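Protein chains: 2
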Amino acid sequence: MSLIIDCHGHYTTAPKALEDWRNQQIAGIQDPAKMPKAADLKISDDDLRHSIETNQLKLMKERGSDITLFSPRASFMAHHIGDFQVSSTWAAICNELCFRVSKLFPDSFVPVAMLPQSPGVDPATCIPELERSVKEYGAVGINLNPDPSGGHWTSPPLNDRHWYPIYEKMVEHNLPAMIHVSTSCNACFHTTGAHYLNADTTAFMQCLNSDLFKDFPTLKFLIPHGGGAVPYHWGRFRGLAQELKKPLLEEHLLNNIFFDTCVYHQPGIDLLNTVIPVKNVLLPLR
Amino acid sequence: MSLIIDCHGHYTTAPKALEDWRNQQIAGIQDPAKMPKAADLKISDDDLRHSIETNQLKLMKERGSDITLFSPRASFMAHHIGDFQVSSTWAAICNELCFRVSKLFPDSFVPVAMLPQSPGVDPATCIPELERSVKEYGAVGINLNPDPSGGHWTSPPLNDRHWYPIYEKMVEHNLPAMIHVSTSCNACFHTTGAHYLNADTTAFMQCLNSDLFKDFPTLKFLIPHGGGAVPYHWGRFRGLAQELKKPLLEEHLLNNIFFDTCVYHQPGIDLLNTVIPVKNVLLPLR
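Here the protein sequences come in this chain order: A and B. Under this note's numbering, residues 2 to 287 are what the first sequence spells out, in order. Under this note's numbering, residues 2 to 287 are what the second sequence spells out, in order.
Keep in mind the hints are simulated off the structure, nothing from the lab. One should not assume that every hint holds.
Note that the list lumps identical chains together, so a pair holds whenever it fits in one copy or between two copies.
Okay, derived cross-link-like pairs now, SDA-like style, lysine to any residue, Cα gap no bigger than 25 Å in a straight line [as the list claims (entries may be wrong)]: (1) Lys170 with Thr90; (2) Lys104 with Cys186; (3) Lys280 with His253; (4) Lys59 with Gly240; (5) Lys17 with Cys186; (6) Lys59 with Lys247; (7) Lys246 with Phe77; (8) Lys104 with Lys247; (9) Lys62 with Gly240; (10) Lys35 with Asp21; (11) Lys221 with Asp84.
Keep in mind that this is a model prediction, so the values were computed, not measured.
With the sequences and hints as input, model every part of the structure.
This is how it looks when you write it as structure tokens:
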């Protein structure tokens, strides 16, 4: 039996109560009297079932895919909002919802966790939520945001030791990371039309311009949105690897970097499948 | 007779004296006693001839192209260094050198000007150098840097009125702009492996998410490096135009936006030529 697994699913259709709670949390940053408790959010199993059955699950059945790796909505992670405590409460809520969906539909959804990242905060602070997601929720991956500032790019590049505490835990649990930014709060970058694609390209080049995968030979990154500009400019990256005295791209990066097929037209998909070895292409539905 | 014109040539091979002068100028920002005068830079016509005959012109002859649109080296523009006065002196020197090359090889090189942009400074300050380049040097285009901060993206997007003084002059002189960033001073962005491609994608999306070309119907932008991630993600941009209630991409943008073919492998070139109408693809050699 073969299974079709969508490696890049987000809970984009969560019940409205989640967004309302988040808006209250954001209001609470300015006015602590307004800050809601996590327990104030009430979403029933029926609400969850409805939001999934009429959306993701319906499309999965129509299109014939079996399993979706399911993480909190990427643009709602918004790590730039508030401090670590704000991100921590928000990540815990979102990860628990994806876990509950996976319990309600155990044959169809497997959780992937977001992290409570916050600009300027040591990524090691994310480890308790990562551990809980793996041990209690059965998460099979994480979403790692290379730019928690939301378009200001104030964190060190992914090849910096800044990120190593996360990588150590990933390796320990054999956990891949999808490298995925969130909403842009920089007016120059449209979130889905520029920031997402730029981040994909940037992350790939940060890996290329380093020996990260010598330090972590089993680390696995999924670069979403078909790798941003990377497959289209594969010749440029091949030349850069040569100029930087790195091994050929296949040896240097393709034991560790994988691409999804989130490219919304046939010529792009064709290019991806022409340029990138099939073992490095994973299949998302959206 | 048909001519093969390379629309994206930079003076990457300028005599070493230019770089030495620039390094002295940068030293002079900290220590004004070290600041060189423009007249301190001595480059003879023979030096210029040698730097061109053994490089660009040799390759043009070998490869059978006729004319190169020739602008100062993009990564050396470095608008983030120093203030407006520093950029102004530097732009004047670099533009004059490209002009001198065009006089020495009038059949082969036509000048394109860089602008003395500086972070946080009104782009209208660039107009005197733009006018001089057009009227005295015969420049047929400009390079416009959408991010003079060098990777911090602190200027407004290209659809903002901030940039309109430049656009008014472009329209007046029927002058296209290549949208080209310079060196990244943000450690997240490798200059040629991330910043260039990200800027191309970003600029396209800024145009998409606006009515800029309603305000300037004859404005012409060349987006270099094959349009960054744009042709590979043409389906994504088609969807974004629809979501943003804009006309179809051809009508909305393709009277005003053009792409070069600076894509260093055949599958990328094939994608570009499949997706983008031939009237919107211009031919650079590098």
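Hints that the structure is at odds with (numbers, increasing): 2, 6, 8, 11
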